[in-house]
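Asks: Need the complex rebuilt from these two chains, each delivered in its own frame; the hints are there to steer you.
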Amino acid sequence: TQLLEQSPQFLSIQEGENLTVYCNSSSVFSSLQWYRQEPGEGPVLLVTVVTGGEVKKLKRLTFQFGDARKDSSLHITAAQPGDTGLYLCAGAVGNQFYFGTGTSLTVIP
Amino acid sequence: KAGVTQTPRYLIKTRGQQVTLSCSPISGHRSVSWYQQTPGQGLQFLFEYFSETQRNKGNFPGRFSGRQFSNSRSEMNVSTLELGDSALYLCASSLVVTRETQYFGPGTRLLVL
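Taken in order, these protein sequences are the chains called C and Z. Sequence positions in the first sequence follow the numbering used here and run 122 to 230. Sequence positions in the second sequence follow the numbering used here and run 1449 to 1561.
In isolation and in its complexed conformation, chain Z is listed as follows (with noise of 0.2 Å):
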C-alpha cells in the first residue's frame, strides 16, 4: 500500500506569494492532519480535515487555509506569504478523527526569500 505523498517537495517563494501545497493519503484514509515544523516552535498542528470538513483548526492566522476533496486529497494554502512561514510543512493521514495512528508524508519544505 502506498504512503502519504506530498508534492512539491521542496519550494522557493518570494514574501508577499502565495502557496499551495498537496498530500495525497493512504488509500482508505479519510482523515488529512497538516503540521508546520520550525526549529524554534517545533511541530504545531495547523488543521485536519476528514470527510471534507474541517474538524479541528490550530493557532495559525487565517493565511493559513486548506480543504480536502471528495478523494481525501488535501491541500493547504499560504496567502502573503510571510519570512517566517519558512519551514517544513508535514502531512498525515489517518483512518479515523482519532490521530492516535497517523501516518506522516516526507513533507513539503517551503523557503521564502
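This is chain C alone, in the form it adopts within the complex (with noise of 0.2 Å):
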C-alpha cells in the first residue's frame, strides 16, 4: 500500500475536455506538491500548497489542499496536448519523501 494514492491511474481524454485528478493519504501532510514528468525527463514541480483548504491556480491548473491536509486535487480545464505527461503527488512525512502512484494523462487532438 502506497502512502499516496492517485486516481485514476490512466486518463485519456479528447482535447478541450476537463479533468481532475486526486491524491489522498491516510496520513497528514504539511505540504503538498505536484509535479509532471514528460517521457524521458524527470519530474517538473507545477506547484507546492501548503495551507489546508488552499486553492492555487496556475494558468488552466487549479490545485486545492484538502481542509486535513490528507489529500489534494489537481483540476485542469480545457486540456490540450501538451498537458499529456506523468501527474505525480509528493510530500514529506517526517524524514521521509514520498511520491504518489502516479495518473498518466494523455490528451487527444
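For the record, the hints were derived by calculation from the structure and aren't laboratory data.
To give an idea of the chain C side of the interface with chain Z (calculated C-beta under 10 Å), a few residues: (1) G161; (2) T169; (3) N216; (4) Y219; (5) G221.
Computed from a prediction, not measured in an experiment: that's the story for all the values here. Beta carbons are placed, not taken as given, at the ideal position from N, Cα and C, and that holds for glycine.
Replies: Below, the structure is given as C-alpha cells:
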C-alpha cells in the first residue's frame, strides 16, 4: 500500500475536456507538491500547497489542498495535448519523502 | 543557469555487477536527493545528502549507497546488482534540505540483465 494514492491511474480524454486528478492519504502532510513528468525526463514541479483548504491556480490548472491536509486535487480546464504526461503528487512525512502512485494523462487532439 | 545533469543516461549491466551513477546539481544547490522509479513501485526515495552528509535514507537495502563531494556533486552506487534494480534513477537538487523546491535531472536508465 502506497502512502499517497492517486486516481485515476490512467486517463485518456479529448482536447478541450476538463479533468480532475485526486491524491489521497491517511497521513497528514505539512505540504503537498504536484509534478508533471514527460517521457525521458525528470519530474517538473508545478506547485506546492501548504495551507489546508488552499487553492492555487496555474493558468488552466487548479490545485486544492484538503482541509485536513490529507488529500489534494488537480483540476485541468480545457485540456490540451501539451498537458499529456505523468502527474505525480508528493510530500514529506517526517524524514521520508513520498511520491504518489501517479496519473498518466493522454490528451487526444 | 545549467540544470541538474546525470551521467550516464543509459547503462546496461549484468546481475552481480556493481554500478556508479553521477549527479551534478544546479550551481549553488547543496542538497541532492536520489530516487528510484519503476513501473511497479513508482518513484521511491533512496537518500538525501547535504553538505557531504547523508541526512535522510529511504527503505532500501544496504546494496544502495551514496556520497556527496565538497563541490556538491553526488554519486550513488549499487553493488551486487539484481534484475529488480532495473529502473530509472533520478537525482534532484535543492538549495537546502526542505525538498519543497526540487529540480530533477533527466535520470539514468539502468537495465540489469
